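Sequence order for the protein chains is P and U. The numbering of the first sequence is numbering that gives the first Met the number 0, which starts it at 0 and goes up by one. The numbering of the second sequence is numbering that gives the first Met the number 0, which starts it at 0 and goes up by one.
Incorrect hints may appear among the rest.
Since the list gives no way to pick out one identical chain from another, each pair is judged satisfied if it fits inside one copy or across any two copies.
20 angstroms max Cα-Cα, derived SDA-like pairs, lysine to any residue [unchecked claim]: (1) Lys56 with Glu45; (2) Lys413 with Arg394; (3) Lys21 with Asp126; (4) Lys174 with Pro128; (5) Lys21 with Asn122; (6) Lys472 with Ile436.
Source of the hints: derived by calculation from the structure; they are not laboratory data. Owing to the predicted nature of the structure, the values given are computational and were not obtained by experimental measurement.
Protein chains: 2
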Amino acid sequence: MSISVTKRSEDYAKWYTDVVQKAEMADYGPVKGTMVIRPYGFALWENIRAIADRMFKETGHVNAYFPMFIPESYMHKEAEHVEGFAPECAVVTHGGGKKLDEPLYIRPTSETIIWSMYKKWINSYRDLPLLINQWVNVVRWEMRTRLFLRTTEFLWQEGHTAHASFEEAEIETKKIIEIYRVLAEDYMAMPVYVGKKTDAEKFAGAVHTYSIEAMMGDMKALQSGTSHNLGQNFAKAFDVTFLSRENKPEYVYATSWGVSTRLVGGVIMTHGDDKGLILPPKIAPYQIVIVPIWRTDEQKVLLMEEVAKIKLQFGREDIRSLVDDNDQVSAGWKFNQWEMKGVPLRMEIGPKDLEKNQVVLVRRDTGEKHFVAVENLFSMVKHLLGDIQNNMFQRALKFRNDNTHEVDNYTDFKRIIESGGFVKAFWAGDGKMEAKIQEETKATIRCIPFKQSQSGTCFYTGKPADTYAIFGKSY
Amino acid sequence: MSISVTKRSEDYAKWYTDVVQKAEMADYGPVKGTMVIRPYGFALWENIRAIADRMFKETGHVNAYFPMFIPESYMHKEAEHVEGFAPECAVVTHGGGKKLDEPLYIRPTSETIIWSMYKKWINSYRDLPLLINQWVNVVRWEMRTRLFLRTTEFLWQEGHTAHASFEEAEIETKKIIEIYRVLAEDYMAMPVYVGKKTDAEKFAGAVHTYSIEAMMGDMKALQSGTSHNLGQNFAKAFDVTFLSRENKPEYVYATSWGVSTRLVGGVIMTHGDDKGLILPPKIAPYQIVIVPIWRTDEQKVLLMEEVAKIKLQFGREDIRSLVDDNDQVSAGWKFNQWEMKGVPLRMEIGPKDLEKNQVVLVRRDTGEKHFVAVENLFSMVKHLLGDIQNNMFQRALKFRNDNTHEVDNYTDFKRIIESGGFVKAFWAGDGKMEAKIQEETKATIRCIPFKQSQSGTCFYTGKPADTYAIFGKSY
Chain P
0 MSISVTKRSE
10 DYAKWYTDVV
20 QKAEMADYGP
30 VKGTMVIRPY
40 GFALWENIRA
50 IADRMFKETG
60 HVNAYFPMFI
70 PESYMHKEAE
80 HVEGFAPECA
90 VVTHGGGKKL
100 DEPLYIRPTS
110 ETIIWSMYKK
120 WINSYRDLPL
130 LINQWVNVVR
140 WEMRTRLFLR
150 TTEFLWQEGH
160 TAHASFEEAE
170 IETKKIIEIY
180 RVLAEDYMAM
190 PVYVGKKTDA
200 EKFAGAVHTY
210 SIEAMMGDMK
220 ALQSGTSHNL
230 GQNFAKAFDV
240 TFLSRENKPE
250 YVYATSWGVS
260 TRLVGGVIMT
270 HGDDKGLILP
280 PKIAPYQIVI
290 VPIWRTDEQK
300 VLLMEEVAKI
310 KLQFGREDIR
320 SLVDDNDQVS
330 AGWKFNQWEM
340 KGVPLRMEIG
350 PKDLEKNQVV
360 LVRRDTGEKH
370 FVAVENLFSM
380 VKHLLGDIQN
390 NMFQRALKFR
400 NDNTHEVDNY
410 TDFKRIIESG
420 GFVKAFWAGD
430 GKMEAKIQEE
440 TKATIRCIPF
450 KQSQSGTCFY
460 TGKPADTYAI
470 FGKSY
Chain U
0 MSISVTKRSE
10 DYAKWYTDVV
20 QKAEMADYGP
30 VKGTMVIRPY
40 GFALWENIRA
50 IADRMFKETG
60 HVNAYFPMFI
70 PESYMHKEAE
80 HVEGFAPECA
90 VVTHGGGKKL
100 DEPLYIRPTS
110 ETIIWSMYKK
120 WINSYRDLPL
130 LINQWVNVVR
140 WEMRTRLFLR
150 TTEFLWQEGH
160 TAHASFEEAE
170 IETKKIIEIY
180 RVLAEDYMAM
190 PVYVGKKTDA
200 EKFAGAVHTY
210 SIEAMMGDMK
220 ALQSGTSHNL
230 GQNFAKAFDV
240 TFLSRENKPE
250 YVYATSWGVS
260 TRLVGGVIMT
270 HGDDKGLILP
280 PKIAPYQIVI
290 VPIWRTDEQK
300 VLLMEEVAKI
310 KLQFGREDIR
320 SLVDDNDQVS
330 AGWKFNQWEM
340 KGVPLRMEIG
350 PKDLEKNQVV
360 LVRRDTGEKH
370 FVAVENLFSM
380 VKHLLGDIQN
390 NMFQRALKFR
400 NDNTHEVDNY
410 TDFKRIIESG
420 GFVKAFWAGD
430 GKMEAKIQEE
440 TKATIRCIPF
450 KQSQSGTCFY
460 TGKPADTYAI
470 FGKSY
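Chain P extracted, bound-state conformation (with noise of 0.2 angstroms):
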């Protein structure tokens, strides 16, 4: 197999679907829309997936399991979402032989069949509030497959939350976005945007939505994460209250939030390179790939005890290392592998480098080489471990903030939008006039920054604005 990719600059869908098969991250299921997630493309998931739930679990949630079967009656409960979801299901009509008397929706999300639930749970305001998440698979049916972007079954975690008050609810709902924002921009280097979305934008059944908004190496946005206040939808659909403090019934209030597989997409586009991927140091497989590189027997048996040795440290001290020692291929084959694989950092160790005490070290992010002694190796490695991350960010954010552009006038805007990039500007319009934008560029409103200073005119009605939004075009 060769390991080369199509360059970014002459096809951007290519060198994604190029990189993530490369890379051996996903391939193609044999059920049109599906996706396999092979075990590199699992393991990065693994890492995200840990440090996730780590944050849900230290702000009180905990996990439980929901069965994946709705019955069709659940769905058409809460009238947004079954016009929202009831498209897209997967329906079973079958089982153990027979014909069901109701068919079973496969979950496009769970709202319905955890509020049932709910209902059983919750009697007073001691029951709540009332933090689960679940990390499952769900099934949104989907004709053009994007490995990790777009596939008819992915894998996410949703969080369903049952609060005494709005007021309750809405500071869940902000405290899950600040995860994600932090689950972005700290551990995968993702810079994004947060804010909150308009309502043609907001998820099926909710009061309002907030989201992490980033952008990609081909200036798109890529949504990557939502947190949703659904106010007292579906407590009202599927009749759940509660006895407040003051004895009086009342309706649950509820949030839900979720990333899913999409967030290795997002990682594959806002890093990769010509090369191929560039893993952050903090959620890659693994950290560093030791090659040594021998010509005769008696060299290997010498440079591979070294290699445990270093090996073994690595290991005592949390860095995440994987030994190369195939004497299959040539060691240039190796190196223009692991670059494809986007391992931070590559470690080579030659017959020389250990008569020298030495090893060298290259960087994935930038080439640079290091002529690193043995003694100081692994403080070295953290040292520019934690460089290549911080590194990796802000490079990132410079091509983000280089790519959003403000504007005060409709026709910059779409030269903008043309050529590529986020559009910042003042709005005061409404869903129609959101519609109308779309249909004539396709750019939609990102979202709406929480971070806003001043207020100005409306780029599009001219009116006084008191915010302003990010517009771009989405995966």
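Add chain U to chain P, keeping to what the hints say.
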């Protein structure tokens, strides 16, 4: 909610369901046959999963994710497999609002879809072995639901490995059944017989199957984990060949193996008593519950200060603890509740204990009380947790051994099976005889244990027998 349960001696099945629900381990889902795993039950599963996952990774396995949709045609490629599984599948006939050209089966197990992918990935002996595992949901249609034991959808791990020889596959199959034994005995404190299934009981599509078999509190057997040597059956069905070292195309050898959320049922039925669950410390969500007991607010302030210190120290010592400072219920009610939930140790502390600088520790397994000076608390808790783990295993082992009877004739066999327990007997019969015995007694051969010391005379045929078998009624 009352926190007493049906006595085991009255109605074991009812006792089980009561405990599962009152300990908030699981609940029935809205679709018949489905189960909701509640946070407390899921936390137990997460601990079991983490231990198994670590052992898989330590032995070179990696995780991945394969789609749950299997084209109908794939299910039919391996003759025994389709016969075994197709009748219990759930079938998707509609997706994205349209009828599908080919119905999709939801995985009852993933051999077929995984081997369709292995065909793409395996070319040469250099690609072998391939050691992949996944943690996923599967569906097998069930009409008689038993929470954790028998549900339409359940969670499990399924390992699927590919090898260059039958011997290598055999080593893998045995390695895994040993991992399962360690998981069951050393972590879940659940003694198991480890052995081979007869042809009648093996997996649909396997050359042979190994299993671990545990005895539940009602003396019935729970098949708790299986490991299959699949020979070349699936490689032939999916035409997966590799070029050997001798450059000859050869069919690949396969194994598959799994444990499921059924293990949670095993823990409950191995250890539970009429007060509820008893959880082995190594897998318990909380190893110790701290119940402070006060009358006045002043006392509460003093107590909670000390409790906070102790709780922090538990955290530093990697002891999983929980403080129950709920002031809506009595201490007695709390004691009952945490006994129902099976927390291995309870710590009580009141104003008088505070004065004397001591606490009270109560063991869930024996009810024993210990007055312990705070300065000795942490070493004492560690000691007791170890002792509880050990005692639970020894107690279960004694129960299993006391209720496993050697017989040398069918009359005794029938009497023992009738009154409950396992039969250990020399066996030289065939599949037809097994079927006949099952028809007459409901007992099956659980396994032919690996550990065999001598030969004897078959209790059923009177012929010389090389091996003894373990018989029992099973879940």
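Hints versus structure:
1. In this assembly of identical chains, Lys56 and Glu45 lie within 20 angstroms of each other by CA distance both inside one copy and across copies; the values are 16 angstroms within and 13 angstroms between.
2. Taking the shortest Cα distances, Lys413 and Arg394 never come within 20 angstroms of each other, neither inside one copy (26 angstroms) nor across copies (76 angstroms).
3. Taking the shortest Cα distances, Lys21 and Asp126 sit within 20 angstroms of each other only across copies (15 angstroms), while inside one copy they are farther apart (50 angstroms).
4. In this assembly of identical chains, Lys174 and Pro128 lie within 20 angstroms of each other by CA distance solely inside one copy; the values are 14 angstroms within and 45 angstroms between copies.
5. For the identical chains of this complex, Lys21 and Asn122 are inter-copy neighbours only, at 16 angstroms across copies versus 53 angstroms inside a copy, given an alpha-carbon limit of 20 angstroms.
6. In this homomeric assembly, Lys472 and Ile436 come within 20 angstroms of each other (Cα to Cα) only inside a single copy, at 11 angstroms, whereas the closest approach across copies is 69 angstroms.
Checked against the numbered hints above, the structure violates only hint 2.
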